[in-house]
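Enquirer: Count the first sequence with our numbering and you get residues 4 to 699, in order.
Since the hints were made in silico from the structure, they are not lab data. Mixed in with the good hints, there may be bad ones.
Distance condition first, Cα-Cα at most 20 Å in a straight line; then the derived EDC-like pairs of lysine to aspartate or glutamate [claimed, not checked]:
| # | residue 1 | residue 2 |
| --- | --- | --- |
| 1 | Lys385 | Glu280 |
| 2 | Lys180 | Glu575 |
| 3 | Lys397 | Glu440 |
| 4 | Lys517 | Glu588 |
| 5 | Lys229 | Glu181 |
| 6 | Lys408 | Glu352 |
| 7 | Lys408 | Glu344 |
| 8 | Lys508 | Glu591 |
| 9 | Lys303 | Glu352 |
| 10 | Lys401 | Glu280 |
| 11 | Lys397 | Glu323 |
| 12 | Lys516 | Glu591 |
| 13 | Lys23 | Glu181 |
Just so it is clear, the structure is predicted and the values come from calculations on it, not from any experiment.
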Amino acid sequence: MAQQVYDLPCDGEGTCMACKNKPTAEESLTCKTCATPWHITCLSVPPNSLADTLQWDCPDCSLLSANPVPVSGAGESSSSGSLITAICAIETDSSLTEREKAKRRQQLLCKDAGPSDRKEVTNSDDNLLSILDGLNCSFCMQLLERPVSTPCGHNFCLKCFTKWIGQGKRNCANCRKEIPPKMARLPLINSTLVTVIRIAKMAKANAAVGTSRDYPVIRNEDRPDKAFSTERSVKSGNANAASGKIFVTTPMDHFGPILPENDPMRNQGVLVGETWENRFECRQWGVHNPHISGIAGQSKHGAQSVTLSGGYEDDEDHGEWFLYTGSGGRDLSGNKRTNKEHSFDQQFENSNEALRLSCRMGYPVRVVRSHKEKRSSYAPEKRLRYDGIYRVEKCWRKTGIKGFKVCRYLFVRCDNAPAPWTSDVHGDRPRPLPIIEELNVAIDITERMESPSWDYDEEKGCWMWKKPPPSSRKRANYGRSEEGKRTKKVKRQAQNKSIKEKLLKECSCYICKKVMTSPLTTPCAHNFCKSCLEGAFAGQNFVRQRTCEGRRTLRAQKNIMKCPSCSNDIAEFLQNPQVNRELMEVIESLQREIAKENKESKEEADGIHEKAKGVDVSNEIVEEAQENNLKGQIESEIQKTEKLKKTSGKCTQKRGRKKGSTSCKQLDDGKNVVDPSEPEKAASEELQDPVAESKV
DNA sequence: GGGCCCGCAGGG
DNA sequence: CCCTGCGGGCCC
4 MAQQVYDLPC DGEGTCMACK NKPTAEESLT CKTCATPWHI TCLSVPPNSL ADTLQWDCPD
64 CSLLSANPVP VSGAGESSSS GSLITAICAI ETDSSLTERE KAKRRQQLLC KDAGPSDRKE
124 VTNSDDNLLS ILDGLNCSFC MQLLERPVST PCGHNFCLKC FTKWIGQGKR NCANCRKEIP
184 PKMARLPLIN STLVTVIRIA KMAKANAAVG TSRDYPVIRN EDRPDKAFST ERSVKSGNAN
244 AASGKIFVTT PMDHFGPILP ENDPMRNQGV LVGETWENRF ECRQWGVHNP HISGIAGQSK
304 HGAQSVTLSG GYEDDEDHGE WFLYTGSGGR DLSGNKRTNK EHSFDQQFEN SNEALRLSCR
364 MGYPVRVVRS HKEKRSSYAP EKRLRYDGIY RVEKCWRKTG IKGFKVCRYL FVRCDNAPAP
424 WTSDVHGDRP RPLPIIEELN VAIDITERME SPSWDYDEEK GCWMWKKPPP SSRKRANYGR
484 SEEGKRTKKV KRQAQNKSIK EKLLKECSCY ICKKVMTSPL TTPCAHNFCK SCLEGAFAGQ
544 NFVRQRTCEG RRTLRAQKNI MKCPSCSNDI AEFLQNPQVN RELMEVIESL QREIAKENKE
604 SKEEADGIHE KAKGVDVSNE IVEEAQENNL KGQIESEIQK TEKLKKTSGK CTQKRGRKKG
664 STSCKQLDDG KNVVDPSEPE KAASEELQDP VAESKV
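Starting from the given sequences, assemble the full structure and let the hints guide the process.
Expert: Following this line, the structure appears as structure tokens:
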């Protein structure tokens, strides 16, 4: 084979690797793409003009631009050259923000992520992806496809490598070290890398089809005392907050008052007239669970509580009784959570049906009034206030103010404690139902036929359960599916961990069977620890170094220097074995990740929260409770009412501004878009039998 | 003060 | 897994 001329650049010290001289500044030429310095006089094709030197591409870069290497598995042409052009186009686009540019660049580099945002994945999934990033081919910048490893420890796609060789190159594209003729003739696939990439790809695909509920789920006991914003949340404060800890032991679907036995923190239960800053706090004391919805209830179980927040203009508040409007009938398209405009008829379904069930059964319904109800004299000036137990005496449908049918409920108070607005020292007595004029035009009227579950006991002189309350279907202190979601999360974490551990196991040394330290990839594409492989030939090393030894001895030694895995001669490789740094980095990343996850799971077990800071909101209330315990029940109620008036005056609503806080909201719009990963799958399939294919 | 936005949580 | 929702923050 005729000797070919290869262009070589200058090394890190500025010495030309071809002539071994150090070119002067005038003799040196820098590539516009890769910024590598080259010696002009040693170039086989020097630039024609001075203008050319300014926009000069080195032989390697111009080669890649002129002969694009097909992107493996993607089914389309790309190259580092066109990639660079595309990146430049993004960088110079003034209409894009920095964040948008970063996003476009990422999309460009991860073609398989599709046109939309990549599906949001958990941190551990992201880490798996970043580990994969370390295994990109230096030619095509894509994840290694049928990886081949040079003895100098660099990895390339088989296609890219053979193309490079086909162009007459016999040096490593990364370090310029010579490629053994045998490898140039028949490059072998590094099966360890294949397995590692395949497992990681499968993990990535699994992550991509995960649900949008992949964010961490926190058990009640681990939640902080106040609502907190999660990592996911774009807005600060309570705008998109997660709920704080539930302080009471009542299950979510508990009917009736929150009693002292359900209040381990204060041992007093929730008293009429208690107030809270917001819906989250109200929820934490078990009074009204949903943090937006006005009705808490289940259609087949009944409604436990309602909130009067002025959200429905048909509401009519008379203190001891009020007319409540059902939910629904409003257009919530466009990602709205509420809407003041009615646009279609309400039906007795979902929470409306739950309230109707409570009406039929005569269940006690907790009532909360909000300062947002501006038309009522009975609403608190500030905050939210618990006003006690009411019963739904009747319900019906009528045409609302906006002309659409609404569900209507007559609530009548039936609590043993006096209402916050009354000067009475005793609670309610059974009272005749008010006359409701709109009942004359009402449809679908429902009245209770059987005796109510919650009723007044004349003998005992108080309201109480006359029938056993409906048995709870929920666990105390837990959301409906929180337990399930938690199990799911733990399962996914364990799965991810096992993937990483599996990956690491794949990186074990043939000799010591342990995870490789400083991995060496032989020309026969087998991987060993540097120390293991060198140790295996320790005796020969000494002889081999003595090159003046006789021919017979050397040959005998060379025969012994066989790959422990496939018995190929690796004597030459052992003369100057180079660590496969990319593989080493993958191994180290995996080890770091596993260690980190172990640490995190330990911390989680210890109940540590980074972002959400636990704030003890209860001290004041506990002191209050202790004080109250010394006095009679009625006295404490009066005190409570007085305190309510004071706190109402003191309360100020925070209304700060944060500049540019919503500037990045568009980035989150694609959060539910699932990565199709089609090219990925194709690539995985092609990887099924890489060795066999490569030998064809 | 109106309007828009969107994470969270529960229902079904 | 999709739908619903009488919140809360921030911009205009």
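Enquirer: Compare the structure with each hint and give your call.
Expert: Here is what the structure says about each hint:
1. Lys385 / Glu280: 8 Å, holds
2. Lys180 / Glu575: It holds: about 14 Å lies between the C-alpha atoms, which stays within 20 Å.
3. Lys397 / Glu440: Holds. Lys397 to Glu440 sits at ~13 Å (cutoff 20 Å).
4. Lys517 / Glu588: 16 Å, holds
5. Lys229 / Glu181: Not satisfied, since the Cα-Cα distance of roughly 64 Å exceeds 20 Å.
6. Lys408 / Glu352: Holds - the C-alpha atoms of Glu352 and Lys408 are around 13 Å apart, at most 20 Å.
7. Lys408 / Glu344: 13 Å, holds
8. Lys508 / Glu591: Status holds; Cα separation ~13 Å.
9. Lys303 / Glu352: 10 Å, holds
10. Lys401 / Glu280: 34 Å, violated
11. Lys397 / Glu323: Distance ~15 Å between Lys397 and Glu323 Cα, so the pair holds.
12. Lys516 / Glu591: Status holds; Cα separation ~17 Å.
13. Lys23 / Glu181: 16 Å, holds
The structure fails hints 5, 10 (numbered hints given earlier, in ascending order).
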